[in-house]
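Undergrad: Sequence:
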Amino acid sequence: MPLPYQLIIFDCDGVLVDSERITNTVFVKMLNELGLPLKLEDMFEQFVGHSMEQCMSKITAMLGQEPPAEFLADYRLRTKAALENELVVVVGIPEVLAQLTLPYCVASSGDHEKMRTTLGVTGLWSKFEGRIFSVTDVNAPKPAPDVFLHAAATMGFAPADCVVVEDTPTGVRAALAAGMTVLAYAALTPAQRLRDAGAHIIFGDMLELPALLAGGKPDRIAS
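Be aware that the sequence shown starts at 1, since it is given in the numbering used here, and climbs by one per residue.
Calculated directly from the structure, the hints in this document are not laboratory data. You may find that some hints are simply not true.
[What the hints assert, rightly or not] In silico lysine-lysine, BS3-like type, Cα no more than 27 Å apart, as pairs:
1) 29 - 58
2) 39 - 58
3) 217 - 127
4) 127 - 80
5) 58 - 80
6) 29 - 80
7) 29 - 39
8) 39 - 80
The whole structure should be built from the sequences, with the hints applied where relevant.
TA: Here it is in structure tokens:
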């Protein structure tokens with residue numbers, strides 16, 4: 001029986017690479033250094049899934065002024081070092097990619113430089129090279145659908161024939177806005193938040209993904 005989709009679009013951070021805790025640990029430490037009394041759980045609640053531009057706007061609002069001019073460059077240097085030392089692939093992803101028979105790509109809120117680091121460190125770069133799409137390629141970040149629509153158009157598929165694997169409410173809303181089916185990976189984000197965002201299916205083990213992809217398009221959101 002033919003599979004119900006023609007293209008699989010993966011988010012990157014938290015879906016392909018286990019980077020969210022690493023980058024957000026650096027992020028919250030730097031925000032603490034600026035005097036913002038935030039904790040790691042605040043990062044997942046307020047920042048994860050958003051573009052860096054959106055995050056910087058949030059920080060400016062919290063501080064009442066723009067952060068120091070060197071903040072962003074320092075953050076990138078510190079996260080790059082942390083990722084190179086600590087990053088691993090999401091458990092199950094190598095096995096999943098080895099089983100896939102459909103075309104697949106990655107569409108992320110991160111920039112290309114970050115993905116070169118994360119996909120390179122984990123050995124996934126060769127699996128996605130030439131099929132890597134960033135928020136920096138489009139006009140509007142998630143939850144706007146732009147990056148997913150750009151990925152689908154570039155790969156040559158209609159949105160209705162695409163399935164997105166996401167792990168944040170922001171990403172789920174973006175994929176839904178693009179008219180795509182959304183399978184939400186509930187690793188660090190509570191399943192209820194993904195459900196509230198409208199994910200069609202929620203799963204907690206990446207090794208479940210091939211069977212979910214073969215199971216047919218869901219006709220309603222997760223209950």
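Undergrad: For every hint, state whether the structure bears it out.
TA: Quick rundown of the hints versus the structure:
For the suggested pair residue 29 and residue 58, the alpha carbons sit about 16 Å apart, so the restraint of at most 27 Å is met. With a C-alpha separation of about 15 Å, the suggested pairing of residue 39 with residue 58 holds against the 27 Å cut-off. Annotation: proposed proximity of residue 217 to residue 127 holds, straight-line Cα distance about 25 Å (limit 27 Å). Only pairs whose Cα atoms come within 27 Å are accepted, and residue 127 paired with residue 80 is accepted, the gap being roughly 21 Å.
Taken as a hint, the residue 58 and residue 80 pair is honoured in the structure, with Cα atoms around 22 Å apart against an allowance of 27 Å. At most 27 Å may separate the alpha-carbon atoms for a hinted pair to count; residue 29 and residue 80 meet this at roughly 15 Å. Pair hint residue 29 plus residue 39 holds up; C-alpha atoms about 9 Å apart against a cutoff of 27 Å. With a CA separation close to 21 Å, the supplied pair residue 39 and residue 80 stays within the 27 Å bound.
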